[in-house]
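Single-letter residue listing:
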Amino acid sequence: MTEEQIIAYVDGELGPLEALRFERAMAADPAIAAAVSRHRRLRAMIESHFAPAASEPVPARLTNMIDDNVVAFPQRTRSRFGDSGRYAALAATLVAGLVLGQLLPNRGATPLGERDGTVVAQGVLARALDTQLASEPQATAYHIGVSFRSIDNRYCRTFSGAAGAGLGCHGRSGWTVERFVAGRPREQGGAYRQAASPSAEILAAAQNMMAGTPLDAEQERRAQAQGWGESASGS
Amino acid sequence: MINEFQLGWFHGIKRVRSSVSSSRTASHGKRAVDGRKERAGLTLFERELLALLPRLRRFARALAIDAADADDLCQVALERALKAEARWERGTRLDSWMYRIMRNCWIDEVRVRKRRSQTFVAEEEGVGVGQADDRRIEARVELGNVDRAMAALPPEQREVIALILVEGLAYREAAELLDLPMGTVTSRLVRGRQALMEMLGEAA
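Chains as they are written, first to last, in numbering that gives the first Met the number 0: chain U, 0 to 234; chain Y, 0 to 203.
Source of the hints: derived by calculation from the structure; they are not laboratory data.
Careful: at least some of the hints might be erroneous.
Stated by the list, open to error - SDA-like, lysine to any residue: derived pairs with alpha carbons at most 20 Å apart:
hint: 1; chain 1: Y; residue 1: Lys82; chain 2: U; residue 2: Pro213
hint: 2; chain 1: Y; residue 1: Lys82; chain 2: U; residue 2: Glu217
hint: 3; chain 1: Y; residue 1: Lys82; chain 2: Y; residue 2: Asp94
hint: 4; chain 1: Y; residue 1: Lys82; chain 2: U; residue 2: Asn63
What the hints assert, rightly or not - Away from chain U, derived, C-beta distances all over 10 Å, residues of chain Y:
hint: 5; residue: Ala85
hint: 6; residue: Trp87
hint: 7; residue: Gly90
hint: 8; residue: Leu93
hint: 9; residue: Trp96
hint: 10; residue: Arg115
hint: 11; residue: Pro153
hint: 12; residue: Pro154
hint: 13; residue: Glu155
hint: 14; residue: Pro180
What the hints assert, rightly or not - Derived CB-CB ranges, DEER-like:
hint: 15; chain 1: U; residue 1: Ala27; chain 2: Y; residue 2: Met181; range: 41 to 51 Å
hint: 16; chain 1: U; residue 1: Ala50; chain 2: Y; residue 2: Leu43; range: 41 to 51 Å
hint: 17; chain 1: Y; residue 1: Arg99; chain 2: U; residue 2: Asp215; range: 47 to 57 Å
hint: 18; chain 1: Y; residue 1: Ile106; chain 2: U; residue 2: Glu46; range: 32 to 42 Å
hint: 19; chain 1: U; residue 1: Arg40; chain 2: Y; residue 2: Lys82; range: 36 to 46 Å
hint: 20; chain 1: Y; residue 1: Ala83; chain 2: U; residue 2: Asp151; range: 46 to 56 Å
hint: 21; chain 1: U; residue 1: Ser36; chain 2: Y; residue 2: Gly167; range: 44 to 54 Å
hint: 22; chain 1: U; residue 1: Ser172; chain 2: Y; residue 2: Arg99; range: 49 to 59 Å
hint: 23; chain 1: Y; residue 1: Ile106; chain 2: U; residue 2: Thr139; range: 27 to 37 Å
hint: 24; chain 1: Y; residue 1: Arg99; chain 2: U; residue 2: Ala224; range: 49 to 59 Å
hint: 25; chain 1: Y; residue 1: Thr183; chain 2: U; residue 2: Ala50; range: 39 to 49 Å
hint: 26; chain 1: U; residue 1: Gly228; chain 2: Y; residue 2: Ala169; range: 44 to 54 Å
hint: 27; chain 1: U; residue 1: Glu17; chain 2: Y; residue 2: Leu43; range: 19 to 29 Å
The beta carbon of each residue, even a glycine, is placed where N, CA and C say it ideally should be.
Using the sequences and the hints, build the whole thing.
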């Protein structure tokens with residue numbers, strides 16, 4: 000059995016008869032079986048190493064080349080974000096990728112959906128982002144943390160729920176979810192731990208996107224009344 | 000010389016971009032006249048391209064290894080694809096077409112870098128592209144073993160590994176895309192895999 004045949008078997012490139020013959024030979028020779036599992040491990044290792052790159056949010060500078068209307072997370076310069084921030088954000092998006100993978104298939108009933116390549120809030124989450132005021136008591140599935148105006152002049156809000164915490168910004172097609180970190184911010188008593196890691200990571204992301212300070216109760220009420228449209232350009 | 004490398008692979012991107020965006024605006028207008036404008040103002044080509052972006056970024060990462068280099072590679076490949084939109088035939092696979100464009104962009108860049116490194120390190124004879132690349136990547140402490148091992152592969156092995164192991168293409172698809180005979184693809188795949196296994200050792 001040549002190495003080429005072993006690799007072709009691992010890659011599923013043998014015809015049905017060849018595969019059958021190969022498996023018979025493998026059953027008789029533990030060395031072949033060992034080589035197969037070595038090559039399977041290598042393939043899995045390479046595959047899984049690069050797989051997360053396909054679940055990261057695509058930078059706006061790329062999507063904008065095709066469609067200017069796609070609202071994506073603004074590309075950060077290294078100096079603003081700092082290297083540690085960059086990797087924390089990367090870790091966060093990896094987690095988001097895993098969670099979204101589970102949430103996205105059931106459309107409609109889920110709080111997150113996909114529209115034109117971006118992840119958007121829908122259902123109860125969209126309603127919470129639209130209507131709930133951080134300054135008022137909230138007894139719903141999603142808790143709104145802070146509302147703020149982003150550097151690229153959108154209204155953004157942090158939220159947390161049973162599945163994790165996130166950050167949504169309002170654009171033309173509703174609330175784009177810029178960040179989502181899985182976790183259980185809800186404690187047994189039903190209170191929210193703001194210092195828990197998902198919320199902390201989201202707050203750090205919010206800090207980086209924020210222009211000025213979070214909205215106060217009055218500013219938040221006004222923004223909500225105006226439907227979270229483009230925030231006033233004058234500060 | 001090192002600093003110049005660290006500036007990134009793709010110099011002058013901003014200049015290219017501005018010329019593209021103006022030509023894009025013009026073509027948007029033309030499409031509206033053609034009556035080919037579709038939902039959300041995007042053509043089928045543009046919608047498919049948007050949907051492909053995550054996979055293209057993954058492929059770019061496997062080729063260029065460095066994340067910033069990979070996105071620059073994506074940008075250059077997208078520019079080339081958008082200019083060549085007319086050459087894509089509806090009904091044919093856009094992913095293969097895009098992989099091919101991206102791979103060609105990457106090879107162009109590898110050649111330029113090879114020439115440049117030969118000029119700069121003429122005294123170090125016999126340094127292959129893969130090795131020169133590897134040395135640059137090796138200096139990056141935050142990169143993991145897999146990145147380093149991939150970076151150390153010669154480009155012709157790395158692209159075969161990227162297409163088949165990372166992107167999951169069949170041997171025949173990879174051979175067609177690279178315009179190579181099947182035998183060449185499989186032998187590069189075998190050599191690439193052996194090299195990776197050697198470098199990654201028992202971890203693999």
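Evaluated hints:
1. For the hint pairing Lys82(Y) with Pro213(U), the CA-to-CA distance comes to about 43 Å; that exceeds 20 Å, so the pair is violated.
2. At roughly 49 Å between alpha-carbon atoms, Lys82(Y) and Glu217(U) are farther apart than 20 Å, so this suggested pair is violated.
3. Simply put, Lys82(Y) and Asp94(Y) have alpha-carbon atoms about 16 Å apart, close enough for the 20 Å limit, and the pair holds.
4. Using a Cα cut-off of 20 Å, the hinted pair Lys82(Y) and Asn63(U) holds, with the two alpha carbons roughly 15 Å apart.
5. Annotated as non-interface, Ala85(Y) keeps its C-beta farther than 10 Å from every C-beta of chain U; the closest such distance is 16 Å.
6. With 10 Å as the threshold on Cβ separation, the claim that Trp87(Y) sits away from chain U holds: the shortest Cβ distance comes to roughly 13 Å.
7. Non-interface status of Gly90(Y) relative to chain U is upheld: no Cβ of that chain comes within 10 Å, the nearest being about 20 Å off.
8. With a minimum CB-CB distance of about 12 Å to chain U, Leu93(Y) clears the 10 Å threshold, and the non-interface call stands.
9. Under the 10 Å C-beta cut-off, the non-interface status given to Trp96(Y) relative to chain U holds; the minimum distance is some 15 Å.
10. With a cut of 10 Å on Cβ distances, Arg115(Y) stays outside the contact zone with chain U, its closest approach being about 24 Å.
11. Non-interface status of Pro153(Y) relative to chain U is upheld: no Cβ of that chain comes within 10 Å, the nearest being about 16 Å off.
12. No Cβ of chain U comes within 10 Å of the Cβ of Pro154(Y); the nearest lies about 16 Å off, and the non-interface call holds.
13. Glu155(Y), annotated as away from the interface, keeps every beta carbon of chain U farther than 10 Å; the closest lies near 17 Å.
14. Against the 10 Å criterion, Pro180(Y) stays outside the reach of chain U, whose nearest CB is about 14 Å from its own CB.
15. Range check, Ala27(U) to Met181(Y): Cβ separation about 28 Å, and the 41 to 51 Å hint is violated.
16. Distance hint check: the CB atoms of Ala50(U) and Leu43(Y) are about 27 Å apart, inconsistent with the given range 41 to 51 Å.
17. In this structure, Arg99(Y) and Asp215(U) meet the distance hint of 47 to 57 Å, their C-beta atoms being roughly 54 Å apart.
18. Between Ile106(Y) and Glu46(U), the C-beta spacing of about 23 Å breaks the proposed range 32 to 42 Å.
19. A beta carbon spacing of about 42 Å between Arg40(U) and Lys82(Y) agrees with the range 36 to 46 Å that was offered as a hint.
20. At roughly 31 Å, the beta carbons of Ala83(Y) and Asp151(U) sit outside the given window of 46 to 56 Å.
21. Remark: the range hint 44 to 54 Å for Ser36(U) to Gly167(Y) is contradicted by a beta-carbon distance near 20 Å.
22. Under the hint 49 to 59 Å, the C-beta atoms of Ser172(U) and Arg99(Y), about 32 Å apart, miss the expected range.
23. Between Ile106(Y) and Thr139(U) the beta carbons are some 54 Å apart, a value that contradicts the proposed interval 27 to 37 Å.
24. The hinted window of 49 to 59 Å between Arg99(Y) and Ala224(U) holds, with their beta carbons roughly 52 Å apart.
25. Checked against the hint of 39 to 49 Å, the pair Thr183(Y) and Ala50(U) fails, with Cβ atoms roughly 27 Å apart.
26. Separated by about 49 Å at the C-beta atoms, Gly228(U) and Ala169(Y) satisfy the suggested range of 44 to 54 Å.
27. At roughly 39 Å, the beta carbons of Glu17(U) and Leu43(Y) sit outside the given window of 19 to 29 Å.
Consistency with the previously given hints fails for numbers 1, 2, 15, 16, 18, 20, 21, 22, 23, 25, 27, ordered from lowest to highest.
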